[in-house]
Amino acid sequence: MKRHYLVSTIVLLGAISTFAQSGGELRFCLRAEPKTFNPLLVEDEASETIRYLTGGVLVRVNRLTLKAEPELATSWKVSEGGKRIRFKLREGLKYSDGTPFAAEDVAYTMQQLMDPALHSSTGDAFRSAEGKLTTNVVSAKEIEIDFPAPVANLVNLFDTVAILSAKSPQKEMAALGPFYVAERKAGSYLLLKRNPYYWKKDAAGKQLPYLDSIRLDIEQNPEIEAMRYKRGEVQLINTVSPAIFEKLSADNASVRDAGASTDTEQLWFNQVPGAPLPVYKKSWFASTNFRRAISEAINRNDLARIVYRGHAVPAIGIISPSNKFWFNSDLKPHAYDTADALRRLQQDGFHLQGETLKDKAGNAVEFSIATNAGNRARESMATMIQQDLKKIGIKVNVVTLDFNSLLERMTQSYNYEACLLGFQNVELDPNSQMAVWLSSADNHQWNPNQKSPATPWEAEIDKLMRAQAASGDEHKRKQYWDRVQQIAWEQEPFIYLINKDALVAIAPAVKNAEPSVFRPQTFWNVETLALAH
Amino acid sequence: MLRFWSGAVLRLLAVMLMASFAGAMLMRIAPGFSSDDQELNSGLSAQSIQAIRRAHLVDSDIPHFYGQYIASLVRGDLGTSRSLNQPVKELLRERLPVTMVNLAFALSVGWLLGLALAIAAQTWDIPALSFLANGLSGTFISIPAAALALVFLLLRWPPAFAAALLVFPKIYRYTQNLLQQSSEMPHVLTARAKGAGPWRILTWHVAPIAFPQIMALVGVSISIGIGVLLPIEVVSDVAGIGQLAWQAAQARDLPLLVNLTMVVTFVTVCATLISDAAQRGFKRSAA
Chain A
435 MKRHYLVSTI VLLGAISTFA QSGGELRFCL RAEPKTFNPL LVEDEASETI
485 RYLTGGVLVR VNRLTLKAEP ELATSWKVSE GGKRIRFKLR EGLKYSDGTP
535 FAAEDVAYTM QQLMDPALHS STGDAFRSAE GKLTTNVVSA KEIEIDFPAP
585 VANLVNLFDT VAILSAKSPQ KEMAALGPFY VAERKAGSYL LLKRNPYYWK
635 KDAAGKQLPY LDSIRLDIEQ NPEIEAMRYK RGEVQLINTV SPAIFEKLSA
685 DNASVRDAGA STDTEQLWFN QVPGAPLPVY KKSWFASTNF RRAISEAINR
735 NDLARIVYRG HAVPAIGIIS PSNKFWFNSD LKPHAYDTAD ALRRLQQDGF
785 HLQGETLKDK AGNAVEFSIA TNAGNRARES MATMIQQDLK KIGIKVNVVT
835 LDFNSLLERM TQSYNYEACL LGFQNVELDP NSQMAVWLSS ADNHQWNPNQ
885 KSPATPWEAE IDKLMRAQAA SGDEHKRKQY WDRVQQIAWE QEPFIYLINK
935 DALVAIAPAV KNAEPSVFRP QTFWNVETLA LAH
Chain B
61 MLRFWSGAVL RLLAVMLMAS FAGAMLMRIA PGFSSDDQEL NSGLSAQSIQ
111 AIRRAHLVDS DIPHFYGQYI ASLVRGDLGT SRSLNQPVKE LLRERLPVTM
161 VNLAFALSVG WLLGLALAIA AQTWDIPALS FLANGLSGTF ISIPAAALAL
211 VFLLLRWPPA FAAALLVFPK IYRYTQNLLQ QSSEMPHVLT ARAKGAGPWR
261 ILTWHVAPIA FPQIMALVGV SISIGIGVLL PIEVVSDVAG IGQLAWQAAQ
311 ARDLPLLVNL TMVVTFVTVC ATLISDAAQR GFKRSAA
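Heads up: the sequence lines are chains A and B, in that order.
The first sequence runs contiguously to residue 967 in this note's numbering.
The second sequence runs contiguously to residue 347 in this note's numbering.
Treat each hint with caution, since some may be false.
[As the list claims (entries may be wrong)] Covered, in the sense of this in silico footprint (three residues per stretch, anywhere, with C-beta under 8 Å from a C-beta of chain A), are these stretches of chain B:
id, segment
1, 94 to 106
2, 289 to 303
3, 309 to 316
Honestly, the hints are just simulated from the structure, not real lab data.
No residue lacks a Cβ here, since even glycine has one placed at the ideal position from N, Cα and C.
One chain only, chain A, in its complex shape:
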C-alpha cells in the first residue's frame, strides 16, 4: 500500500511539474517598434529581440558560459587559419510554415548577408578583407563556407546569423527559432507564438519552448514599463535604470542585479585637428598629462555610488572585468588623486592662480562637456565631474543636447570640447572594436578618419588591432589585445568612468530564469522559461 502511495505521489508530482512548465503567455516590453523583421538587417534593439526569439542560428553562445553551443549545426570545424568553416547540420528540421531546412538555406543566407549593397552590420562583422565569400553545399546536411581572409572569432559570429529560408513563400517571416511572429499591431504590440516545428526538446523529451506565446508591448517610457511590471501586466524588464531598480526594490517587486555589464560610460576630449576650437584648447586636449590629470581628478567611486546608487563599478579600461577572457587583469583602477592630478598638470606648465587653473600662456582652464539630453544618469555624472574638476581649478560647463544634435557635432562639425557618452558592447570579441580603435575608423571618436596615425601610440594600436584580427591563435590575439588595453589605459583618449550593472526585473511567476550580464539578459534561455500557473 505504502509503495502504491509513493508511486502515485511521484506520478502526481511529475504531472504537476510538467504542467507548471507548460503553456502561458509571457509578456514584456520593447522600447520601440522593430525597424525590420529581416534578421540580416537588424541594427536596433527591438529588431534584435525579435531576431533572438524567432531566428534559428547555427550556433548559440551560452550567455552564462560564453561558449558556443550547437543549434542548427551539430558540429563545425574551422580550417585554413580561420578562412574556412564547415558545418554539419541537423536533419529533418522545418521552418514555422513547414518548409524543410537544408544546407541550401545556409548558403542562401550567407550570400544574402555578404551582399555589399545590403550594408548589414551582421554581415560587416564577417568582412575582414575585400573579396567574395563562397559557399559549397557538400550535401543536404553539410556546408562549407570560405571567406576571402581569416575572420577572427568566426564561430561566435554565427550566433547573430538567423538562417533564412531560400524556398519559403513567407521569406524572412518563416522562423527556425522557438517562436514566430503571429500578430502585430503597429505601435502597440507584437504577438509571437510557439513554433510548432521547433526541433529542441528538454531532458524529459518534451518539446520546447514551454511558453505558448510571448506578447511584446511597445512601451517607450521606462517609468510606465515599471508601473506595469508592478501591476503584473508584464513579467520581465530587460534593462532597469538604477532609480527604477531602487523604487521597485522598495516596493518589494522582484528585481535582480546580475553584476557589472560590458557597457561603458566614458568622457573624451575632441582632438580633431580641424575642429573649430581655440588652438590652446586643442593643445590641452592632445596632452596625455592633461587627460590623465582629468581622469585622476574624477571620483569614480562617487559616480558609481551616487549616480548609479551602487549599481555600477568604477571602470578600468576598454573592457569590463565581466568580459573575463578578454579583460587585461594586470590593469588596476585609476586612482582618485587630486594632488597627483595637479602634479601632472604642472608638468605641462599649468598652474593654480587663486582658485583658477591656468595654462602656461595664462588662459584659464575651462571647457564644456556635451552629453545627450534626457539621460538622467549622464546629466548627473556630468554635474558631478563639474564639481570634481572645480577642486583643481577647472571650470566645466555642462551642455545637454538632443541626441541627433550631439551626433552631428561629434561626427560632422566637430564643434564640441568634451563629450560624455556610453557604448553598448554587445560583442565580447576585440574584433568588434576595430571601428573604434583603428585611427582611420569613423568611430575613433576623439580624432576619427585619420589618414595616418596622429600619434605613435595610435600607430601602435593600429598595428596591434590588425595583428589580432589576422591571427587565428586566440592566445596571441589576447596578448595583442592586452597591449591595446594597456596603451589605452596609459593614454586615456577615452576616460572610462564606470561599468554599470545589468539590472533586471523578473516576476516570481517566471520559472527557470537565469539572468546574465550579456544581452538579452533575461530571456537568453527563452526556450526553457516557463510560467507558474
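We have chain A already, so just place chain B on it with the hints.
Using the frame of chain A, we list chain B on its own:
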C-alpha cells in the same frame, strides 16, 4: 455655392502645400538633421557608414526633396519613413484611425460637457453651479496636457478622456460668454419681461443668435483637440499620429514629418471650411 467650394478646395491645397514645405524647411535647418545614430554602430564597416550618410544627403536638398515628394504624392506614394523603415502610407493607415477615434471622443465629450454646463449656468441662475463650472474649467484650462495624461495613466483612465477635459474649458468659456451676450440683447430682455420661461428664451431667442458663432468654434475646437491629443498620445504611449510625429521629430524623419504636417493641416483646414460653410448656410436660411 460651387464657387465657394472650388475656392475652398484650392485654398486647402495651397495651405497644405505651404505648411508641408514650411515643415520640411524647419526640419532641414534643425540641428542634427543629417546625422543618424547608426553612425555610432561600431559593427558597421566604413562603407556602410558612408552609405548611411549618402542616404541622408539625398534628403538635405529640400527643393529637390519636395519636388520628388510632390511627384510621388501625385502617384499615391507617400514615401518611406527613414526612422521606422516602413511606407508612410502604411503607417498613416495604421495610426490615423487611432487618433481620429480619440479625437472624435474628446470632441464629443468636451462639447457635451462644455455646452451642458454653459447652458445650465445660463438657464438656471444657481451660484453654486456657476462656481462649479467656472472652477472646473479654470482648473482644466491651466493643467498642462502632459501632466493630465500622466495622472490618467496612473489611474488607468482612457487618455481620450483627458483630452476631452482639456477641450471642454474652451468650449464652456466661449459658449457661456456668447450665451451671456445674447441673453442681454433687447429682444431677449423684452421676451423675459413678457414672462417667457428660461427654456423658451434659450431655444427661441438666444440660440438662434449664438448658433452661427458656436459653429465657428467647431473648426477651432478640432485644432484644439489635435493640439492636446498629440502630447497625450506621447505620454500615454497611444499608437496614434501624435506619437508618430514625436518619433519623426526626434529622428529627423523628413518624409514622415512632411506627410504628418499634410494630414494635420488637411484635418484642421477641412474642419474650418465645414464650419464656415455651415455658418454661411445658417445665415442664408436665417435671412
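Review point. Any of the earlier hints contradicted here, and which numbers?
Key: none
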